[in-house]
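Engineer: Residue numbers (my numbering), protein chains in the order written: chain F, 22 to 110; chain Y, 12 to 876; chain B, 273 to 437.
Check each hint, because a few of them may be wrong.
As the list claims (entries may be wrong) - In silico lysine to aspartate or glutamate, DMTMM-like type, Cα no more than 25 angstroms apart, as pairs: (1) K431/Y / E445/Y; (2) K777/Y / E97/F; (3) K771/Y / E52/F; (4) K777/Y / D753/Y; (5) K388/B / E249/Y; (6) K530/Y / D318/B; (7) K431/Y / D418/Y; (8) K777/Y / D37/F; (9) K771/Y / D37/F; (10) K388/B / E564/Y; (11) K777/Y / D541/Y; (12) K777/Y / E52/F; (13) K530/Y / D345/B; (14) K388/B / D170/Y; (15) K685/Y / D345/B; (16) K388/B / D67/F; (17) K388/B / E97/F; (18) K768/Y / E564/Y; (19) K584/Y / E570/Y.
Hint data in this document are derived by calculation from the structure and do not stem from the laboratory. Bear in mind the structure is a predicted one, so any value in this text is a computation, not a measurement.
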Amino acid sequence: MSFLLPCPHCGPRPVDEYACFGEVTTRPAGESPSLRDLTEYVYFRDNVAGVQREWWQHRDGCGEWFLAERDTRTNEVLSISEPEPAPPV
Amino acid sequence: MRLGPQPRELIDRSQRVLFTFDGRAAGGYTGDTIGSALYASGQRVFSRSFKYHRPRGLLCCSGHCPNCLMTVDSVPNVRVCVEPIRAGAVVEPQNVWGSLDRDALAVTDKIGGPFTPVGFYYRTMIRPRFMWPLYEKVLRNLAGLGKVDERHHGHSRYDVEHRRARVLVVGGGQSGRAAALAAATRGPGVVLVDEGMRLRGAELEGVEVLAPARALGIWEGGLVPVDAGGVLYRFRAERIVVATGALEQPLVFPGNDLVGVMLPDGVRRLIRDFAIRPASRAVVLASDDDALEVADELREAGVAVPRVVDLRTAPLGRIEAKGRRGRVSAAVLDGRAVECDLVVASAGRQPSYSLLAQAGARVEYEPSRGIFVPAELPAGFEALGAVTGEGCATVHPLRSSGARNGDKSFVCVCEDVTTKDVDRAIAEGFDSIELSKRYTTVTMGPCQGKLCQLASIRLYARTTGVSEATVGTTTARPPWAPVELGLLAGPHHEPARRSSIHFRHEEAGATIQWAGPWKRPYAYGEHPEDEVRAVHESLGVIDVSTLGKILVEGPQAVELLERLYPNRFGDMKPGRIRYGVITSDGGRIMDDGTIARLADDLFYVTTTSTGADAVTAWFEWWNAVWGYDAEIVNVTGALAAVNLAGPRAREALSRLVDDPDDVAGDAFRYLDAKELDVAGVPCLALRIGFVGELGYELHFASPAGEHLWDRLVAEGAWPFGLEPQRVLRLEKAHIIVGQDTDSESNLLSAGMSWLPKLEKDDFVGKLAVEHVARREEVERLVGFTMEEDVVPAEGAQVVIEGRPGGRVTSARRSEAVGAVIGLAWLPPERCEDGTRFEIRVDRRTVGARVRHGAFYDASGARMRA
Amino acid sequence: MTELRFLSPSQCAEGSTASPLRRALDGAPEQVRDLSLQGVLELRGDIARVEAGEGEELVRLSPRRGFLFTPGDPFEAVARVRAAGVLAYDSTGALAGLALEGEQLMRRLTDLELTKLPAAGPFARVSALVLRDEGERFRVYVPQELGHDVALAVLDALAGLELAP
Ligand code: FES
Ligand SMILES: [Zn+2]
């Protein structure tokens, strides 16, 4: 793995400068979910062969977090975006 | 023997260079390679083959084959045909028992050995198992390449240099040079890499020439590492031009590996570059015009050439080389013997497409020309010259198969694989080229398939009756050229984190150990228990600068922390401290530490020593998800920290502050946080009790580390290390996250059911705690004391009624408690205070009893004093 | 309650602070100079609101993160920047600084693009902040706890270029 990943603030940099936090997941909201739903959320990932939305942090650079859409087969990064936080409850 | 001056020779005949070879004096000229110098002085056998120990001589003389590997100045596997000569070099043959000319192990060639048939290591030497180490030792000695000299470090150094290029041209032949020059007219940033000696120091206008140097591979993002000897250039190139040319392919016939069977380019190099007459009588078997020309060059060099065959027009049925003592003595062409001491033979040229294939180009077979060519280049790549297939063609390399009583026909000289071996692999069912590669190891030797891939594919196609296109090629993988591991590793720097007080510990003679990414003192003397006693009885000081330290500041700092931690913080007053634990949404305990409220909107969080980076990232990530108005700032390195602990702590501290009343009992209570100037250094002082005595953690600007440390030691504080700290915390039954807990542990099982505030709307891990609470409890972490004075290992098995029933996570001998104490995971029904169980220690079981609460100062009176 | 004085080396008594590099750079050649303990703040918030004063240098890493190098007392600079509504932390004690000379030396230690500085990125296997001055002069700031090893790596790289003993 030596592909270049664009940071929204620093531009394209080698991927080993970043920390990857994996697929974007949806946290079960509201009242207590079933054990199955909780387990799905905690342990299961789609792991697609294709385009996937992921969390990345430019660990060795600016330190900021962002989202990237990456094709897991080619490591082509289709887009990057800044997170849009859910409003605090 | 040298010829008269050649028009483009590389040698400088006025400069003799002396070195030693196999213990004897040897010499050559500046411009020679070690190989050319040896050849000129009459050396013909350069190595012994991998399995059969057959004598081998120069084959390609271009650095592509395994035949001239030697150990030079303790560096094994050096291709001496391309290694520049240097004065005083010590050159030794390798993989030899005896001498190059008389290798005792050549007997394996005659009688076969346990390891001669293909795939032998998958079938033999499997039982008995206890013999494995012996087998391995024997095989390693018999087969293989050079040995690493463990005492000598070969190269004195390896460096890595990061480079960028607008255009990187690989290959300095005609088309490569032309492409580089053309690119240079459009601006700077053009680099040309060539592996040969000719371009060394060459000047191409506007082009940076690196030669001799090898592009090792092409990775994603246009990354091309270039081996230039002691320096690895890591190029990132916008555009890559591959002009790696084509390589002559050996013909496969009985005796094709005899010393004196050479590729035309190698012969040409000996004559042109080094002015050497390669032999006295040569037979030339040509498959292209280049090879035919070599016949003329040989004649000009005074070599008799009794027979030249153009295999394109006069296909021979049978070719065989006969030898004496491993050296060619005759070529037998369709039954007619021609005496000679050199057979120049090639099947034509195959494009060197590997780098392109690594970059993602497709490779396809062209039946009309008998070659594989690159097709569909990825964006940003260009292929030029012979690598595209231009001017390339091969005849079928396989000749005279089915020879019954002739010599072996080698498909792969690196791994000593013959046509018979490949046939056998096919017969055994290895009918895919990728599988066969792994079974026979064809293409897996030092040449990386440069000289054997085409022949093996064509042999496969012929034997299995399918087309070459169907057989296909094996995946092209880096490195394309051999490289020293040291060069890939680069300079040996493993950055360690050191606190600003670190060197005081070294000066005090502390035993230093790795603790996560940090270097820390284990203990200062031979007896950690002395340091424990000092803390209990008077005063100790430990460097805890390694603790993670994070500021969380902003109008919503409370909301953020209350959602990150199971704890409550909103009810804390500024100046107070609370113990906190972070869990994941799966309920796993991730880290623990203290949270001090410094102001309404400002918190000071400490983490474990190994957790600082991960916890900071965890906080930041969640806040990227939630978007609270709060900043998370890692100040771990900005601050040094020491824990001053012991009954004399207050008294010592009071002498170092401006107003002793500031540290008086009522003014500075247990779990208070307070800013204080200590010995002239502004500190954040936290009154906490990790080690069980009255104690103050002082956090202050790192640059003042040594100053404050020195002052505390001058006040009589005994430095104590990690080991005594482990004893002290265990006496308090304080857990270490990651040692006493693992990925299965949760707040309830670790005995912290008081901590999570389930009435909160949400916190990370809340859902899991709720589920765990509903589930039947599986195990629980409890303290224990041993009945005997033995210390079980961490991880020791708990035995209940003769069966495994849990495990020990921590155990130490405590002088203060007067027993061996520890923490263990036990079944819930065995966790009553005083319950007896057993622990396996050194092949027997020793009794232990559950003990609730702290082992030492259970009421906490001492740390609250 | 707090001005975070405990973060500021400038608030420590005279003579009580020392550079994290002084052992590693003892006797180092003149191409390498110790810049540790030069005032610098870490900034968080709306960086656009920060105005660099006389002799100060603002390095913007993202719209919400940056560093301010100051020749004055960083403790006072913190107060000034905070008054402008941006969070600031004295990180003078957090960073070890090195002044270096030579593009090739830099290329041996970082793959950051030397024409696109300042930038944050890896240097000698450590996260760093790299700035460029006139010509081939550079400044590199790394976490102080890694400074010792980084300084040794720099000296080793110089030795590789045969520029240092
Ligand atoms: S003869 Fe040296 S590598 Fe082929
Ligand atoms: Zn960035």
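Engineer: Now look at each hint and say whether the structure bears it out.
Structural biologist: Evaluation of the provided hints:
| no. | hint | in the structure |
| --- | --- | --- |
| 1 | K431/Y / E445/Y | holds, 18 angstroms |
| 2 | K777/Y / E97/F | violated, 37 angstroms |
| 3 | K771/Y / E52/F | holds, 12 angstroms |
| 4 | K777/Y / D753/Y | holds, 18 angstroms |
| 5 | K388/B / E249/Y | holds, 16 angstroms |
| 6 | K530/Y / D318/B | violated, 37 angstroms |
| 7 | K431/Y / D418/Y | holds, 11 angstroms |
| 8 | K777/Y / D37/F | violated, 33 angstroms |
| 9 | K771/Y / D37/F | violated, 39 angstroms |
| 10 | K388/B / E564/Y | violated, 32 angstroms |
| 11 | K777/Y / D541/Y | violated, 43 angstroms |
| 12 | K777/Y / E52/F | holds, 11 angstroms |
| 13 | K530/Y / D345/B | violated, 32 angstroms |
| 14 | K388/B / D170/Y | holds, 24 angstroms |
| 15 | K685/Y / D345/B | holds, 24 angstroms |
| 16 | K388/B / D67/F | violated, 38 angstroms |
| 17 | K388/B / E97/F | holds, 24 angstroms |
| 18 | K768/Y / E564/Y | holds, 22 angstroms |
| 19 | K584/Y / E570/Y | holds, 15 angstroms |
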